[in-house]
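Participant: Protein sequence lines correspond, in order, to chains X and V.
Okay, so the first sequence: first residue is 7 according to the numbering used here, each after it adds one.
Okay, so the second sequence: first residue is 7 according to the numbering used here, each after it adds one.
Source of the hints: derived by calculation from the structure; they are not laboratory data.
Any given hint might turn out to be false.
All copies of an identical chain are treated as equivalent in the list; a pair is satisfied when it fits inside any one copy or across any two copies.
In silico EDC-like pairs for lysine to aspartate or glutamate, Cα to Cα no more than 20 Å straight-line [as the list claims (entries may be wrong)]:
1) 283 to 240
2) 177 to 323
3) 267 to 292
4) 267 to 295
5) 177 to 57
6) 267 to 301
Remember, predicted model here, so these are calculated numbers, not experimental data.
Protein chains: 2
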Amino acid sequence: MHIKLGLIGFGNVLRAFAELLQFKAPIIERDYDIQFSVVGISTHSHGTAIDPNGLDLRAALTIEALGELHHGEPLFDTFDFIEKCPADVMLEATWLDPKTGQPATDYVGASLEMGKHVVTANKGPVAFAHSELTRLARERNLGFFYESTVMDGVPIHSMRREGLLAVDVLKIRGVLNSTTNYILTRLQQGISMEEAIRDAQNIGVAETDPSNDIDGWDASIKIAILANTFMDADLRPIDVERTGIRNVTMEQAQAAHRVGKGLKLLCEAYREGSEVKARVQPMPLDSSDPLSLLEGTNTGFVVVTDILNRIVVMGGDSGPDTTAYGMLVDAINIARGRRSW
Amino acid sequence: MHIKLGLIGFGNVLRAFAELLQFKAPIIERDYDIQFSVVGISTHSHGTAIDPNGLDLRAALTIEALGELHHGEPLFDTFDFIEKCPADVMLEATWLDPKTGQPATDYVGASLEMGKHVVTANKGPVAFAHSELTRLARERNLGFFYESTVMDGVPIHSMRREGLLAVDVLKIRGVLNSTTNYILTRLQQGISMEEAIRDAQNIGVAETDPSNDIDGWDASIKIAILANTFMDADLRPIDVERTGIRNVTMEQAQAAHRVGKGLKLLCEAYREGSEVKARVQPMPLDSSDPLSLLEGTNTGFVVVTDILNRIVVMGGDSGPDTTAYGMLVDAINIARGRRSW
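Chain X on its own, in the form it takes in the complex (with noise of 0.2 Å):
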């Protein structure tokens, strides 16, 4: 089965994504008979190209301007990308704006009103237009995956759609922001705020702005996916409680550390009545819990239900190449048919 993609964004993620696609070629052709090419890239300031025969990703990940491996009329701007690129899967991974999910959000509508099946690690489709997105695919029996979007590739949403079926999901509590997790974890090890954001700068887990970490954003924005996803709720990042830990001192996450705590910035959705609500704020955590035991850019969560009474997952060290794994295993089940249903 030959299944050609289409690529919206061509930085740290999708890179290591036609890195891996390489690398796990001869697997994926053994284990499921797919064979992917990619026929399309699209860039914000390389370029843009569609070659309908496959582009040579070796040469895509080396040269400097995409044009040069465009083949067929001029292009316009991504949405004009995305009509004309012959894909069956569309794979996005652009830059997101927290306060508003787009452009990502367009992007994702745009690809599976033109019949296309879509892959996302972009946070805002999922946490700004879940339902709406899910009722397009389903209406155009079109897969819309969305592995990489918390925990990076940790099965996790796989796990929602595939073994935790007909269930009642009562709470989530997780620890989700790794930039944060890091620096609590080094305010633990007696290294003041400032300090502590700049190593996480320096070792590219912080951005230059790193208020949507500190401030809770990226926390929040988390939460309301899992909200959404795992428990039917339609929250947007507003909704949810919110304090970051911009204000946190060095003395507190150690003073929590000496009676055998660990700080973290805990986010958790939970029922109340017929709603569910969300909150993200900086709790010190008993050693008992798992979650305590995420240090660095760790991270996990605890789903509670009605029939299994708790499931942990936690993950270990992640980075473009982790992401970029989600991405292959939602596009693997897409080809082989797997749906949200």
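Given the coordinates of chain X, work out where chain V should sit on it, guided by the hints.
Facilitator: Chain V alone, transformed into the frame defined by chain X:
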């Protein structure tokens, strides 16, 4: 979509399944458009019944002799039942001989031969004949699912099938036997081995003859299953290097606890050259190891792959209802067309 089920066995697990099926029928129909009916139940000593129009589960759960509900010609034995039961999916949860995997393995094989999908909660078929049964199922495009064989209904086999694609699983570490974990937890609390075993028997966690658990056989069967399903090995329980907890003392468990460690019956599967090996042995685990947090009847495991360097999955309290839940999820997945490939 109407799916007919046949139950091989009607002990604690499949009785819990019959209860759960009635409880969850509305949500299963709403979310997956599936209506299940049970058209046959076969037991060892309470008779056997087939009704092509669907058995009354309320009645089946209350009467002594199932034969009263039987419609049709007399049935001779379980194989005769498997042949004549007009089910789409056979659910198997019978007694297991841990040394041979029989008779469950033959029941599963016969069901597949007769073109029926299979869900089993029985460790035998997967520990003793995973590759043969999988081949048989694949040749006939049948589902052969076994979520509840390890960690009950905690979705670990569906994680392998749907979320860990095209990876090399390098290593698995787990605390998989709840009876020994309960006993080790009691030893650590200052209870003697003899008393701890009696406690476990009193609350229904250990059998009258506890040697299958105590001597590490159940743990060996489970790590063999995980080696076979996650690492494409072809191990039998006898291939597992096995040390049980029979000779562990209260003093050892408490000594480990005093230095912050948890004494656990650790199951491991790992690669040595091109071979997959497995072992089971009591081991003090550091407090930074998530498996050290598993107390009482909780179980969990860690998977290490070439891309995701660590995935930890841990469950909570378990019982017949959590085992039944895994079987229900398997049945829904078969009904909605999921297969192992």
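Participant: All the hints need checking, so say for each whether the structure fits it.
Facilitator: Results for each hint:
For the homomeric pair residue 283 and residue 240, the shortest alpha-carbon distance inside one copy (10 Å) is at most 20 Å, but the shortest distance between copies (47 Å) is not. Proximity of residue 177 and residue 323 under a CA criterion of 20 Å is satisfied inter-copy only: 16 Å between copies versus 25 Å inside one chain copy. Proximity of residue 267 to residue 292 under the C-alpha cut-off of 20 Å is found in both arrangements, the shortest distances being 5 Å within a copy and 16 Å between copies. For the identical chains of this complex, residue 267 and residue 295 are neighbours both inside a copy (9 Å) and across copies (16 Å), given an alpha-carbon limit of 20 Å.
With identical chains, the CA atoms of residue 177 and residue 57 are never at most 20 Å apart, being 47 Å at best within one copy and 40 Å at best between copies. Taking the closest pair of Cα atoms, residue 267 and residue 301 come within 20 Å of each other both inside a single copy (12 Å) and across two copies (18 Å).
Of the numbered hints stated above, the single one contradicted by the structure is hint 5.
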